[in-house]
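Q: Generate the whole structure from the sequences, applying the supplied hints.
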Amino acid sequence: MDIRYASHPREVKSFDTSRLREEFLINTLFAANEVKMVYSHVDRFIVGGVVPVDKALQLEANKKDMAADYFLERREIGIINIGARGTVTVDGTVYTMDNKDGLYIGLGAKEITFASDNAAEPAKFYFNSTPAHATYPTVKIAISEASPTHLGSITNSNERTIYRYIHTGGVKSCQLVMGMTLLKPGNMWNTMPSHTHNRRSEVYLYFDMPEDGVVFHMMGEPQETRHLVMRNEQAAISPSWSIHSGVGTSNYTFIWGMAGENQIFEDMDAVAMKDLK
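The sequence shown finishes on residue 278 if you use my numbering, and the numbering steps up by one all the way, no holes.
Since the hints were derived computationally from the structure, they do not count as laboratory data. Note that CB positions come from ideal geometry on N, CA and C, so glycine has one too. What you were told as hints is all true, and nothing was included just to trick you.
Straight line, CA to CA, 27 Å or less: simulated DSS-like cross-link-like pairs of lysine-lysine:
| # | residue 1 | residue 2 |
| --- | --- | --- |
| 1 | K111 | K64 |
| 2 | K111 | K141 |
| 3 | K185 | K141 |
Label-pair distances were calculated between CB atoms; the ranges are:
| # | residue 1 | residue 2 | range |
| --- | --- | --- | --- |
| 4 | D270 | E212 | 32 to 40 Å |
| 5 | S148 | D3 | 33 to 41 Å |
| 6 | K56 | E262 | 34 to 42 Å |
| 7 | R200 | Y6 | 14 to 22 Å |
| 8 | E122 | D17 | 34 to 42 Å |
| 9 | D270 | Y6 | 22 to 30 Å |
| 10 | G187 | K14 | 33 to 41 Å |
| 11 | M274 | D118 | 42 to 50 Å |
| 12 | D66 | T250 | 32 to 40 Å |
| 13 | D270 | E23 | 23 to 31 Å |
A: In structure tokens, the structure reads:
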């Protein structure tokens, strides 16, 4: 398990490109027949990817880093499939997961396995996990049944559709909030005008990008902005003091996950465009 530590904003001002990427970019999450994980000390987030090609893969606790007998002994998890059809089995119950379907699993589930329906077109399961103090029911969130919210405009290059999976008005959790934003063709910007939320951290996964496409992910304090050049299926850790906006060379999709003091989606500190530096 890759371990990432928290960074003070005063330190980050002096980071060069390599150090910035080392601290905040998750370069590789998806590898055939592997479960890959990054543990962030920012709100104790675990970010992971699972690609079961020709065998089922089990989600297991890293005992050295987690000091747990099983992964959800003290945690909850949200999973979204960004690949072809597959299944997630939770303590014997099988959940079929089509592309962009989600699944919430609460504290205490012991056996979680991932499988693909077709090895030639494997599923790709992306997950966010956070500490939990109470058990909420396991719930599948089918993209076909989710209520989309349409925002933005082509004029501002940010026409997009937001799907909220795990949130106060939908599937309940202890602290995890998770959803997905799809930009329409011809649109490139996300989360601009930007904001911070000092009560929550966030992780973005960018995907559905062409092979030669990139997203410039903006981060840093509003008056000390930096950027990460990101490619398909890479993720960025965004601490609570940082903005988290992006602009791509084409439209793309991203999954956002949040953890921290509250779960209120609208709780954010807006940054005026004139104040960005």
